[in-house]
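Asks: One-letter residues, chain by chain:
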Amino acid sequence: MADLAPGMRVRTRTADPDGHTRLPRYARGAVGVLVEEAGVHPLADDRARGRAGTPQPVWHVRFAAADLFGSGDHTVTVELWGEYLTPIEEHA
Amino acid sequence: MSGDHTSSVISAQVRHVEALLESRGLLDNGEIDGRIDKFLTRGSPANGARITARAWVDAGFSERLLADANSAIREVGLSMAGGLQEQRLKVVVNTVEEHNVVVCTLCSCYPLALLGPSPSWYKSEAYRSRVVRDPRGVLREFGLELPERTRISVWDASAESRYMVVPRRPEGTEGLSEEQLAALVTRKGLIGTAAV
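Just so you know, the protein sequences line up as chains S and E, in that order. Numbered as in this note's numbering, the first sequence ends at 92 without a single skipped number. Numbered as in this note's numbering, the second sequence ends at 288 without a single skipped number.
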């Protein structure tokens, strides 16, 4: 898992897992900005499968509604495990 | 999305395990219900209202609340540690520029310790699916018409944190005591679906 920090732009994963996940469908494959860390917790997907899960940072990730739904001037901040997130390479 | 669980397989399994634990003497009859009741009687929107009133009258408390809500609410005798483990609390504050509203799109996560049991509309699929897409429209249906210039921030309680909104202090309340201010705050205000 990559090092994450506030202000970083990330893309959420696109995979649709067979079982439980806490990456809401509407936020799949979307680009957002890390707001702040929201504690360290075992991945809920693992816990739901009866596995202990390795604790990892969870993040408040802010999305522009237009990026999620194609319209809207509000933002939606979702709480996502680091494993769902990939930093976007910034090209200078 | 998950909805009513009363007849689901998992509910039947839980009832079965509870019955086994009781028949083997590991649990007293009704002990789980009793514990849940005890937990919930401490939870009430009055708690969230007290936090809000303190934040309105004490700027230092308000700052601490936004930076580390779990520590700050101990100053007013409250805690998020009433369950099996302490839950992280995230408090957000409404201003003229920004209005916050909370939802749990995946289920119905809610700060029970601070606000008591959640209202039925909070758990409804209509609220959960619509407020992330069209918060301004949903808030209008709640009777809350926000100025165009007020940005709306929706918070989805999709993981382990619980959220509470500090509404804006109404105008003309300068002379009120902290207790009188707390009496103005509603459960909807603490979720973000009402002005106060």
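Treat the hints with care, since some could be wrong.
Claimed, not checked - Partial pick of chain S residues on the chain E-facing surface, computed with a CB cut under 10 Å:
#1 71
#2 72
#3 75
#4 79
#5 80
#6 86
Stated by the list, open to error - What follows is a list of derived Cβ distance ranges for each label pair:
#7 E:221 <-> S:29: 16 to 22 Å
#8 S:7 <-> E:187: 19 to 25 Å
#9 S:71 <-> E:185: 33 to 39 Å
#10 E:222 <-> S:64: 17 to 23 Å
#11 S:66 <-> E:128: 40 to 46 Å
#12 S:7 <-> E:126: 45 to 51 Å
#13 E:108 <-> S:89: 49 to 55 Å
#14 E:160 <-> S:20: 26 to 32 Å
#15 S:52 <-> E:270: 40 to 46 Å
#16 S:52 <-> E:237: 44 to 50 Å
#17 E:269 <-> S:66: 31 to 37 Å
#18 S:42 <-> E:160: 21 to 27 Å
Rather than coming from a laboratory, the hints here were simulated on the basis of the structure. The beta carbon of each residue, even a glycine, is placed where N, CA and C say it ideally should be.
Asks: Measuring from the C-beta of residue 75 of chain S to each C-beta in chain E, is the shortest one below 10 Å?
Replies: Status holds, d = 5 Å.
Asks: The hint names residue 86 of chain S as touching chain E; please verify it with the least Cβ-Cβ distance against 10 Å.
Replies: Result: violated, 18 Å to nearest chain E Cβ.
Asks: If you check the beta carbons of residue 52 of chain S and residue 237 of chain E, does the distance land in 44 to 50 Å?
Replies: This hint holds: roughly 48 Å between Cβ atoms.
Asks: Falls inside 21 to 27 Å, the C-beta gap from residue 42 of chain S to residue 160 of chain E?
Replies: 23 Å, holds
Asks: Mind checking the hinted window 49 to 55 Å against the Cβ distance between residue 108 of chain E and residue 89 of chain S?
Replies: Cβ of residue 108 of chain E to Cβ of residue 89 of chain S: about 51 Å, so the range 49 to 55 Å holds.
Asks: A closest beta-carbon separation below 10 Å is what the hint needs, so does residue 72 of chain S meet it against chain E?
Replies: Residue 72 of chain S check passes; min Cβ-Cβ to chain E is 7 Å, inside 10 Å.
Asks: Given the hint of 17 to 23 Å, is the C-beta distance from residue 222 of chain E to residue 64 of chain S inside that range or not?
Replies: 18 Å, holds
Asks: For the hint 45 to 51 Å, verify it against the beta carbon of residue 7 of chain S and that of residue 126 of chain E.
Replies: Hint holds: Cβ distance 47 Å, inside 45 to 51 Å.
Asks: Given the range 40 to 46 Å, decide if the beta-carbon distance of residue 66 of chain S to residue 128 of chain E lies inside it.
Replies: Holds, since residue 66 of chain S and residue 128 of chain E (Cβ atoms, about 42 Å apart) stay within the stated range.
Asks: Minimum Cβ distance from residue 80 of chain S to chain E below 10 Å?
Replies: At about 7 Å, which falls below the 10 Å cut-off, the nearest Cβ of chain E leaves the hint on residue 80 of chain S intact, so it holds.
Asks: Has the hinted range 33 to 39 Å been met by the Cβ atoms of residue 71 of chain S and residue 185 of chain E?
Replies: Once the Cβ atoms are compared, 27 Å apart, the range 33 to 39 Å for residue 185 of chain E and residue 71 of chain S is violated.
Asks: How does the Cβ-Cβ distance of residue 7 of chain S and residue 187 of chain E compare with 19 to 25 Å: does it lie in that range?
Replies: 21 Å, holds
In this structure, the hints that do not hold are numbers 6, 9, 17, in rising order.
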